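S.K.: Chain by chain, the residues:
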Amino acid sequence: MKKIIIAALMVFGFGRVESQTPKGSVLIKNATVLTVTKGTLENTDVLVENGLIKKIGKNLQASNIQVIDATGKYLMPGIIDAHSHVALDAVNEATAPITSEVRMSDVIDPYDIGLYRALAGGVTISHALHGSANAIGGQSVTLKHRYGSGNPSDLVMTDAPRTIKFALGENPTRVHGRGNGIQPRTRMGVEAVIRNGFNEALQYKKAWEDYNAALKQKGANPIPPAYSERLQSLVDILDGKVIIHCHSYRADEIYMLIKVCREFGISKIVFQHVNEGFKVAPELAEYTMGASVFADWWAYKFEVYYSTAYNAAILMENNVITSINSDSGELIRHLYHEAGKAQRYGQLTDEQTLALITINPAKQLGIADKVGSIEEGKQADLVIFDGHPLSVYAIPQMTFVDGVKYFDVNEDSDDRRLKVSATEALEPIYLKEHEHRCMHGVDFFFTNFGRNLFTHEH
Amino acid sequence: MKRIIKSIFLLAVCLSPFWAKAQFDGEFVKPRNGKFLLQNATIVTVTKGVIENGSVLMDQGKILAVGKNIAAGDAEVIDCTGKFIYPGMIDGGSRLGLVEVNSIPETQDFAEIGQVTPNMQALVAVNPNSVAIPVTRVSGVTTTLAVPSGGLFPGTAALINLNGYTPDQMFAGFKGVILNFPSSARRSTWDRRSEEEVQKEAEKAEKSLNEIWDRAVTYHQLTKSGVTLQYYPEMEHLAKVIAGELPLLVEVNAANDIVNAIKWIESKKVKAILTGVAEGWRVADKIAAAKLPVIVGPMLSIPTRQSDRYDAAYTNPGKMAKAGVKVVIRSNDAENTRNLPFNAGFAAAYGMGKEDALKAVTINAAEVFGVADKLGSIEVGKDATLFVCTGDPFETKTQINFVFIDGYKVPMNSRHIELYQEFLERSPGLKKN
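Protein chains in written order, with the working numbering: chain R, 682 to 1139; chain C, 15 to 447.
Source of the hints: derived by calculation from the structure; they are not laboratory data.
Please read these numbers as outputs of a predicted model, since none were measured by experiment.
Check each hint, because a few of them may be wrong.
A partial selection of chain R residues facing chain C, derived with a Cβ cut-off under 10 angstroms [stated by the list, open to error]:
#, residue
1, TYR892
2, PHE959
3, TYR986
4, ASN992
5, TYR1026
Even for Gly, the Cβ is constructed at its ideal location relative to N, Cα and C.
Can you make the complete structure from the sequences, with help from the hints?
M.R.: What follows is the structure, encoded as structure tokens:
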């Protein structure tokens, strides 16, 4: 079996790496370089060759490549959004409390204008997650915003590790417990569903191990266990091959999942939203890969009523790896501003604050060796701002992914759609982005509870 | 023995004042009225320029003096060296106070049942003890328009100051009737109605709007001529708009709808303010020609059309201001009304400029709401509603130091700050013992 999987990986996995996505070369001259990990470098050049940062220094020369004069401007690493649903056709497979077999990489919409809008806000990578309807949702996908290609696989960051969505609290209990009349209806049930899943996965793993051992016996003719993509994915989590990203709000449920993970030997877990993460900051720091939070969202439902906008600052000061995410097609356009709020609420330094949207989310996605800071050898995902990016007045000027420019404030035309609907006589006018797409596709569950479809549902 | 009893008795007498009170830790800080001198600050008056090294004297809720070398007298002096003083920011549209937890119907007091409910008073439902109020006012947002929503005429909005224990203590002197003008736009990206459905609903709504309006005109004419009519609170309320006693706040966003709304307003000769106005930039000249003020926002919104430039919402207020429209900015939020200054910051960065953006959250709002004699700038005789901060209040890095509302020094505290104080260094930490 393993051989088959490896063979499949050879064909599909490695094949993908070799299918070339565009890589660019550019020399950015005389910028204030915010490296994030190695301080701020004044009047510095950054040389990009074939998609990678080749050299950082003064008076760099290069021939036959575009030179950009960034005098008086700021250069920072491409912003990374650890929680988004951009460029996804579907978000929730809300048919069972555990759906670890589904993959967001199957539903990528490369035409989503949201990708361009994110680039215009300096965001080069987003973690496109399954929704929060299920205790264990589908496998998410890390995207590079190579907007312009009609091929979904061109957007996939193939060298990023696998991730999976978990969800605690109100959403899974509402959808399954109250909506479908099955477990989980309570936070007790959520714990049990996850625990049962892991234990079944252990049994499943053992069944395959027994089978593979039996195969080695001379003359044996064992019957293979039934293959289950759902359980195999859970085995992969237990084996440390998949990073959990768990939608969570309350301190008690966060602590619950920390305990379950420790019991099953899982250390690759990041908590998402984590509005009450500040209450269990020492535990998050000790046992997890950190917390990815909103800058200031609260009170949109009961489990976020006891929140504080000082969450990011408290977590950072307690040495929790902390990032600020969007979970929204609107917020993703100004994550630099969202991060800046951690200076209003908790007075983080510029470097700490920039880490919230660069190197820290990179760590949480397992890609910090490739992106998230301006260092020689890293992938050239870069943004030029006309002022310090933490100022409300700063405007992104150019955004590069792998050294290729995908946004230019001065050169781009207004209309950046890749396709136009043939069936619509008039272009629709939308008054707002539905802020928080975690519950996308399960809105019909809310009608039973007297809720307004057009209020926030996060 | 007697001596021991006597000494215990004496001890008891000595301690009794302490026993009389329960043993609470810490002290609760309340809003405090008084005479205050804010000394040696950079005063951004908004209407009369910037005063360096200036002072502001306040007493009994009013600004008594603004300028240099003001004698303290018996006022409490607050040193503001290196700091800035701004008038309190005014949010032109918010749900603050009308909802506590957005998803819980029991706390949603912003939308009544029915299409025609102009008599629903937002001020009645404002909860002075909403947890979100202190969270908002410590940001320097001191005044908000509490806006009901829902049907065609969902109710009457009210301007409130964010300090007080009853709605009347909070009321800031302006009310307006909301009209959700028939819309050809989709409510959100999740609105999956077909083109025909959207169009049909808009046409139906416009027809019903005109019928209702005609009825209100009739009601007004009959009552004016002395006829006694049956109790009809909806019409009684709309008649006040027709009589010019209350302005109409017309929520309208798509360009075509704005043009229709302008025509409608002109044909009805009604005093109106446009709100929302997401596509105002497309028809800015027409809005300016109609001399209608706008309350626009939030700036932190996606463009209304996929074909629009990515920054269409950021640049909207600047484009309207350039065309000569009087612009007020709103957050259109509830619990995050504190983001008003950041919305203004984006407007400033994307074409409006800092000065106009500041006016859009201070004096313009006060003028549009008819309360410029009390709010919107730092001038002698106006209400002492202002704040002290370390720099530009639109910048996230800036800290707000003091907030005064109606002369009350409000505590720089909120649940968000209390949780910060409790959990920054948790005790016990990871290990209990």
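S.K.: Could you run down the list of hints and mark each one as holding or not?
M.R.: The hints, checked one at a time:
no. : hint    : result
1   : TYR892  : violated, 42 angstroms
2   : PHE959  : holds, 5 angstroms
3   : TYR986  : holds, 5 angstroms
4   : ASN992  : holds, 8 angstroms
5   : TYR1026 : holds, 7 angstroms
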